[in-house]
Amino acid sequence: MNGYPYKYEMHLHTCPCSGGGDDVEKHIDTLMEKGFSGMVITNHFFRGDTRIDRELPWEAFVAEYEKDFERAKAYAKDKDFDVLFGIEEHISDGNEVLVYGITPAFLAAHPELKTVGLREYAQLVHAAGGLVYQSHPFRERWYIAHPLPFDDVEILDGVEGYNAANEPRQNEQALAFASEKGLKVIAGSDAHGYTTSGRAGIRSSVRIRDNQTLVRVLGEEKYRVYKGEQDVDCM
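Residue numbers (this note's numbering): 2 to 236.
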């Protein structure tokens, strides 16, 4: 798309960090083949479907969690492919958030993230310069007790209006909700296996090589939602 040439995967899981995740190298190779400029790794964090030992001391847990990200950065170093750090975290009743613009150091400094509710969680992230989006609202799965957007939507920076692993009607509901509430919309593949990488994401007007640029692009809406090869714009 003219003016938005850089594609980024915004929701992706790797192993051994996330349950069901795949090798970071396979994800990167697949995304490069599909013309992506980069990805944000959003592995399940402490309260979600993580495979990191929760009995570890907090800082040790975060250090283990970070290893998949560091391995991805090392693999992509000479490939002209951007790797950014994010998380997906369970908040309540099976509902989750995607967090961007933060670092492992931020996580290590805030062990209270293990227990706080959405409002305080978002406040901590915002104070660190990050952004919070609800993952796949309206998703109906066995583990989601209340498949609806959070009540405190005003504390969110937006919602994942298009999730490639959701049913079409669920994405339609999410997009309608975002429009009604005036929320920003992002998209992602929710890829676990590498074959599902690159089904959705964003197209950016600039190259995103660091957290500061990612937060600016998302905050200023200098992007378009990418929904696969048809490249449908739902902004």
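Calculated from the structure, these hints are not laboratory results.
Note that the coordinates shown come from a computational prediction; the quantities given were computed from them, not determined experimentally.
There could be a bad hint or two in this list.
Calculated pairs, DSS-like style, for lysine-lysine (alpha carbon to alpha carbon, straight line, at most 30 Å) [unchecked claim]:
| # | residue 1 | residue 2 |
| --- | --- | --- |
| 1 | K35 | K223 |
| 2 | K115 | K80 |
| 3 | K35 | K115 |
Listed next, with one range per pair, are the computed distances between beta-carbon atoms [claimed, not checked]:
| # | residue 1 | residue 2 | range |
| --- | --- | --- | --- |
| 4 | P169 | L57 | 39 to 45 Å |
| 5 | V117 | K182 | 21 to 27 Å |
| 6 | T116 | G21 | 23 to 29 Å |
| 7 | E141 | G183 | 20 to 26 Å |
| 8 | E60 | P6 | 14 to 20 Å |
| 9 | K35 | A110 | 33 to 39 Å |
By construction, the Cβ of each residue, glycine as well, lies at the ideal position given by its N, Cα and C atoms.
To see whether the hints hold, each was checked on the structure:
About 21 Å separates the Cα atoms of K35 and K223, which keeps this hinted pair within 30 Å; it holds. This hinted pair does not check out: K115 and K80 have alpha carbons roughly 35 Å apart, beyond 30 Å. Pair hint K35 plus K115 does not hold up; C-alpha atoms about 36 Å apart against a cutoff of 30 Å. The hint said 39 to 45 Å for the Cβ distance between P169 and L57, and at roughly 40 Å that hint holds.
Separation of V117 from K182 is about 23 Å and conforms to the stated range, judged on CB atoms against 21 to 27 Å. For T116 paired with G21, a C-beta distance near 25 Å keeps the hint of 23 to 29 Å intact. The supplied range of 20 to 26 Å is met by E141 and G183, whose beta-carbon atoms lie about 25 Å from each other. One distance hint, 14 to 20 Å for the beta-carbon pair E60 and P6, is violated here, with the actual separation near 39 Å.
One distance hint, 33 to 39 Å for the beta-carbon pair K35 and A110, holds here, with the actual separation near 36 Å.
Violated hints, in rising order: 2, 3 and 8; the structure is consistent with all others.
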